[in-house]
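Visitor: Here is what each chain is made of, one letter per residue.
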Amino acid sequence: MARAPDETVTAPADAGEARERTFGSVGKPIRRVDARGKVTGETRFADDLSMPGMLFMKLTRSSVPHARILSVDATRALALPGVRAVLTGKEFPVPYGILPVSQDENALCTDKVRFVGDPVAAVVAVDELTAEEGARLVEVRYEPLPTIGSAEEALAHPEPQIHAYGKGNVHRSVAFDFGDVPGAIARAPHVFEDSFFYQGNTHLALEQHATLAYVDPNGLLTIASSTQVPHYLHRAATKVLGLPPARVRIIAPPQGGGFGGKTDPFNHEIVAGKAALVTGRPVKIALTREEVFFCHRGRHPVQMRMRTGVDSKGRILGHSVETLLDGGAYGSYGMASLHYTGALETVTYRMDRYRFRGCRTFTNKPPCGPKRGHGTPQPRFGLEVQIDKICEKLGLDPAQWRIDNAVPPDSLTANWMKVGTIGLVACLEAVVQASGWKERRGKLGRGRGLGIASSSYMCGAGHPIYFNDMPHSGVQLLLDRGGGVTAYCGSTEVGQGSDNVLALLVAEVLGIEPRDVKLVTGDTHLAPVDLGSYSSRVTLMMGNAAIEAAERARDRLAIAAAAKLGIPPERVGFGGGRVFDVSDPATGMSFAEAVQRAEGAGGTVGTVGSYRAPPPPARYKGGGVGPSPAYSYSAAVVEVEADESTGIVRPVKIWVAHDIGRSLNPVAVRGQVVGSVYMGLGEALMEEQAFKRLPPRLSSALVHLGPSMLDYKSPTSLDMPEVACFLVEDPEPAGPFGAKEVGQGPLLPIPPALANAVHDALGVRVDEVPISPEKVMAALRSPSRRFGPEGFPEVPWPEPLDVPPPWEGGDGNARNEPPKPPRKARSEGTKP
Amino acid sequence: MMRLPRFRYHAPRQLGEAAAILADLGAEAAPLAGGTDLLPNMKRRQQTPANVVGLRGIEALSARSGDPARGLTLGAMSRLGALERDGQLLVAWPALARAAGLVASPPIRSQATLGGNLCLDTRCSYYDQTEEWRAAIGYCMKREGEVCWVAPGSPRCWAVSSSDTAPVLCALGAEVTLTSRAGDRRIAVSELFADDGMAYLTRKPGEILSAIHLPAPKAGERATYQKLRRRGSVDFPVLGVAARVRLGAGGAVEEARIVLGAVGSRPQEAAEASRFLVGKRLAEPEVIAEAARLASQVAKPMQNTDFGLSWRKQATREYAARALRELAG
Chain A
2 MARAPDETVT APADAGEARE RTFGSVGKPI RRVDARGKVT GETRFADDLS
52 MPGMLFMKLT RSSVPHARIL SVDATRALAL PGVRAVLTGK EFPVPYGILP
102 VSQDENALCT DKVRFVGDPV AAVVAVDELT AEEGARLVEV RYEPLPTIGS
152 AEEALAHPEP QIHAYGKGNV HRSVAFDFGD VPGAIARAPH VFEDSFFYQG
202 NTHLALEQHA TLAYVDPNGL LTIASSTQVP HYLHRAATKV LGLPPARVRI
252 IAPPQGGGFG GKTDPFNHEI VAGKAALVTG RPVKIALTRE EVFFCHRGRH
302 PVQMRMRTGV DSKGRILGHS VETLLDGGAY GSYGMASLHY TGALETVTYR
352 MDRYRFRGCR TFTNKPPCGP KRGHGTPQPR FGLEVQIDKI CEKLGLDPAQ
402 WRIDNAVPPD SLTANWMKVG TIGLVACLEA VVQASGWKER RGKLGRGRGL
452 GIASSSYMCG AGHPIYFNDM PHSGVQLLLD RGGGVTAYCG STEVGQGSDN
502 VLALLVAEVL GIEPRDVKLV TGDTHLAPVD LGSYSSRVTL MMGNAAIEAA
552 ERARDRLAIA AAAKLGIPPE RVGFGGGRVF DVSDPATGMS FAEAVQRAEG
602 AGGTVGTVGS YRAPPPPARY KGGGVGPSPA YSYSAAVVEV EADESTGIVR
652 PVKIWVAHDI GRSLNPVAVR GQVVGSVYMG LGEALMEEQA FKRLPPRLSS
702 ALVHLGPSML DYKSPTSLDM PEVACFLVED PEPAGPFGAK EVGQGPLLPI
752 PPALANAVHD ALGVRVDEVP ISPEKVMAAL RSPSRRFGPE GFPEVPWPEP
802 LDVPPPWEGG DGNARNEPPK PPRKARSEGT KP
Chain B
637 MMRLPRFRYH APRQLGEAAA ILADLGAEAA PLAGGTDLLP NMKRRQQTPA
687 NVVGLRGIEA LSARSGDPAR GLTLGAMSRL GALERDGQLL VAWPALARAA
737 GLVASPPIRS QATLGGNLCL DTRCSYYDQT EEWRAAIGYC MKREGEVCWV
787 APGSPRCWAV SSSDTAPVLC ALGAEVTLTS RAGDRRIAVS ELFADDGMAY
837 LTRKPGEILS AIHLPAPKAG ERATYQKLRR RGSVDFPVLG VAARVRLGAG
887 GAVEEARIVL GAVGSRPQEA AEASRFLVGK RLAEPEVIAE AARLASQVAK
937 PMQNTDFGLS WRKQATREYA ARALRELAG
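As given, the protein sequences belong to chains A and B, one line each in that order. Take 2 as the starting number for the first sequence in the numbering used here and just add one per residue. Take 637 as the starting number for the second sequence in the numbering used here and just add one per residue.
Just so you know, not all the hints are guaranteed correct.
[What the hints assert, rightly or not] Derived lysine-lysine pairs resembling PhoX-like cross-links, with alpha carbons at most 25 Å apart:
#, chain 1, residue 1, chain 2, residue 2
1, B, K936, B, K949
2, A, K314, A, K240
3, A, K693, B, K949
4, A, K390, A, K693
5, A, K693, B, K854
6, A, K390, A, K444
7, A, K654, A, K439
8, A, K693, B, K936
[Said to hold, decoys possible] Chain A regions said to be covered by chain B (calculated; three or more residues, Cβ under 8 Å):
#, segment
9, 100 to 109
10, 285 to 299
11, 315 to 326
12, 695 to 705
13, 773 to 782
In case anyone wonders, no lab produced these hints; they're calculated from the structure. For each residue, glycine too, the CB sits at the ideal point set by N, CA and C.
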């Protein structure tokens with residue numbers, strides 16, 4: 002292995018001007034601005050918040066999976082000493098939901114419950130134990146309804162309908178033809194058809210959701226909550242509570258992980274707000290781990306069928322993906338999740354034609370939603386495993402196949418995704434070389450093997466969740482006379498390092514230290530809107546807004562300093578806490594003096610910056626999911642030991658390379674890469690959000706298999722192998738100083754690379770995750786040497802949208818829907 | 637956060653005082669050792685004793701006497717985290733040190749005790765759940781309900797003995813002292829357990845498990861413990877194989893005892909496998925294969941732990957073989 006672990010790879014393309022630039026703090030492995038508080042335990046998470054006179058809230062949750070609510074009787078609960086209020090669904094008639102098209106939740110259930118854990122009442126009391134005891138005293142009478150336990154059951158049983166919208170229990174189905182795929186497959190010399198299943202799993206953030214709501218002396222309702230999306234929570238809370246937006250403030254304290262699990266507005270957050278209004282006292286709720294499993298919004302269980310036609314060299318002539326999603330009881334992000342099971346299929350490998358069919362169903366289980374990789378790890382698993390099979394059949398090296406078929410930079414893909422920089426080949430080369438792939442694969446002996454996979458992810462969704470023409474992120478700066486800078490942004494620090502990125506970028510532009518930038522983030526009252534910590538959008542979108550705001554401040558300081566120095570403003574440089582003449586760096590002044598001079602010349606120095614993603618070329622309906630200003634790429638080689646006598650698979654070592662564009666802080670980037678690998682391994686090997694159904698004769702219960710950190714198996718540190726991490730740097734013009742995302746992408750190649758490694762080790766295919774020992778043993782015993790779904794359910798697909806790929810003409814519209822008017826060009830805050 | 641229910645806490649300083657409290661309160665009281673089993677169960681309302689008798693103040697329960705030559709007596713409050721690093725154990729009873737070190741995770745082992753691990757409540761995926769979860773299935777016979785969900789037609793509870801140290805102590809032929817107001821009684825560890833998921837201990841309500849007695853190892857004796865679980869830490873066993881053999885001068889097995897954990901409501905003696913081994917040589921692979929096959933026959937896993945039961949049954953054979961290969965080797 003020639004390359005030492007953990008090094009930065011500079012892509013050959015990286016010879017441009019951006020590289021010549023010298024940086025202050027960018028690119029250096031410096032301590033995060035929020036590190037000290039976290040390491041010393043001083044950071045105050047939502048559950049650390051406490052106020053005098055605070056009351057505690059607990060929710061009475063449904064004990065049945067599907068029923069009409071006949072009555073809710075709070076008499077006994079209200080009679081319990083210490084209980085101050087009981088709220089029920091009657092107080093929450095206004096529905097909400099994260100997506101405008103799925104406003105299907107009530108903060109407390111009104112007429113129906115849809116899964117075990119759906120909240121029916123809230124009890125507010127003087128302490129948590131009394132609230133818990135009170136919650137058990139709320140008497141709910143149900144009229145049980147038949148339950149829908151799986152996607153197939155949802156297809157088979159349109160009645161009883163879990164929701165009044167959708168078709169039966171199909172939430173939504175979509176169909177797209179990007180060229181004639183059946184024709185391409187019919188003409189292809191080799192056709193591969195595979196069925197896969199990707200089990201659902203949950204985020205398992207260490208921090209459980211907690212909320213503190215209070216009304217301040219001026220009547221402002223404040224909800225401090227572990228949320229990744231304070232802006233969207235603000236919209237949902239004002240809608241449900243019927244308050245003017247200016248009278249509601251959302252604070253998102255630092256969080257102990259989100260991963261998409263805190264990206265919906267949640268019932269307990271809104272109910273706590275109502276309880277504070279009703280009681281006039283601060284109200285706190287801290288969810289138990291079991292309740293977090295009920296919040297869920299995690300990875301959808303997805304059944305898949307992939308049909309791929311390739312030519313004799315393995316080049317993809319036509320690729321067809323069908324997905325069937327088990328969505329759980331509510332819409333959540335499901336419409337987006339559904340599209341994501343098809344949208345990013347085209348951005349890694351060249352394919353001439355592409356066909357996608359997707360269907361999301363409702364079931365009586367906690368709702369699924371976005372988890373790290375949102376909807377894309379499932380089809381990524383299928384695609385990467387199928388490519389391994391294609392290469393096996395055609396005698397090709399799967400690493401070389403990926404290099405040969407990588408989408409070239411600056412491409413428009415079959416489904417009209419515009420990709421800019423692509424570090425895929427450099428990622429593949431890095432892991433191939435470091436792992437000794439060419440020398441070692443297939444030669445490690447029985448029970449040991451190597452597998453490879455690669456992937457791509459977005460750097461922020463191209464559209465906000467609700468339609469509007471405002472920025473996706475705004476940053477406001479205030480420069481003070483002491484040389485300090487305060488940065489205001491609604492961005493939310495969930496542990497990923499967004500606060501550090503904000504301080505770093507502002508400091509970089511102004512030539513000061515990141516720790517001299519004070520931050521006001523995660524507060525809808527004090528900072529401009531940032532849409533939230535989801536879709537890997539913050540570094541790119543907030544980052545570009547921060548740079549714009551800082552450049553505007555720098556321009557003002559440069560003018561004032563230039564006047565003092567008697568030079569043109571273009572000659573003013575910033576660095577080391579000084580403002581100076583670049584042709585005579587010894588001549589200059591402190592940064593503080595430059596601020597004072599600017600303030601004296603033009604008044605208070607405050608600037609703003611904002612960012613909005615460029616309009617995507619995809620014009621067809623549904624083409625709004627998938628476009629992004631930039632795409633990151635990842636590749637991984639996984640080495641496993643697989644025990645033939647038990648089926649136990651143990652990862653031995655993982656080599657992972659990530660195309661980061663540019664590392665703003667390589668230590669933080671590596672942390673995200675290794676964290677993604679860890680999460681991907683959990684999904685690949687053991688994690689399951691699975692349910693148990695009891696016989697109808699006895700109780701008909703449909704319950705979570707084990708809603709605890711003991712029973713929900715997530716790897717421990719002893720299950721984690723060594724990870725060698727490589728960062729590929731090829732600055733992306735759309736990113737701040739060339740940076741791309743790293744929060745989600747590196748998870749994606751891990752499950753398929755592990756499945757491919759199991760095949761290398763034992764010669765068997767496990768076409769579903771998690772790859773448990775039972776499944777490996779079943780595959781070893783099967784004549785087909787395979788374990789996985791047999792076929793794909795019959796799904797009634799809608800009429801497909803007919804969208805020719807770019808190379809077959811067309812303009813990104815569907816032929817069979819009315820064309821959309823051309824988009825207005827935007828200038829404000831949008832980087833070229 | 638999950639809260640403990642309300643209860644009265646007793647803090648005796650003497651063993652006799654604790655025994656008297658327990659005698660007076662009977663089934664209304666639960667002894668509290670390390671708390672790593674009882675307290676989570678109370679938070680989930682699986683157990684709601686009105687009285688909790690804390691044993692931490694009783695010095696006698698942490699006492700220790702003897703040595704490898706005479707046998708060792710350990711107080712029931714000996715912490716697992718100390719036992720896994722105990723010099724005498726590592727030399728003379730390494731299987732017990734290993735089993736202690738494989739329980740749960742380091743923070744839990746720093747609190748958990750040997751006596752507590754022996755008395756560990758039997759476990760079941762229908763029982764080790766919160767009050768609300770159990771309410772959703774209509775409870776089970778081990779607590780508040782009527783049915784055993786594992787085997788709905790069964791008159792008994794099939795919750796699983798999930799102690800790591802119990803099978804090892806059975807295989808070693810260890811004994812325990814049970815102290816009550818009436819005095820002490822000393823029984824074999826294997827007699828401490830009953831084959832019932834609910835009444836899984838022969839300990840009476842007024843009794844405190846006060847000491848564990850390890851017999852001195854004989855010449856040629858070796859023992860081991862193999863644990864199967866999903867993850868490298870934290871998890872309870874889905875299978876434990878404890879095995880002890882005494883080899884004669886010629887290398888033949890003169891005495892053997894194999895005990896399986898987590899495949900029944902009590903530690904399961906693999907008596908036939910143990911008998912088969914006597915007079916045989918562990919160096920012969922077919923001897924190990926046959927003994928492992930015989931041992932796996934006593935495993936009666938049910939679908940109430942992690943992993944599927946047929947796989948657990950298969951794995952029993954493999955893990956029994958591993959344990960015996962380790963002893964051969």
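Visitor: Output the numbers, in ascending order, of every earlier hint that fails for this structure.
Guide: As far as the earlier hints go, 2, 4, 5, 9, 11 are violated by this structure, in ascending order.
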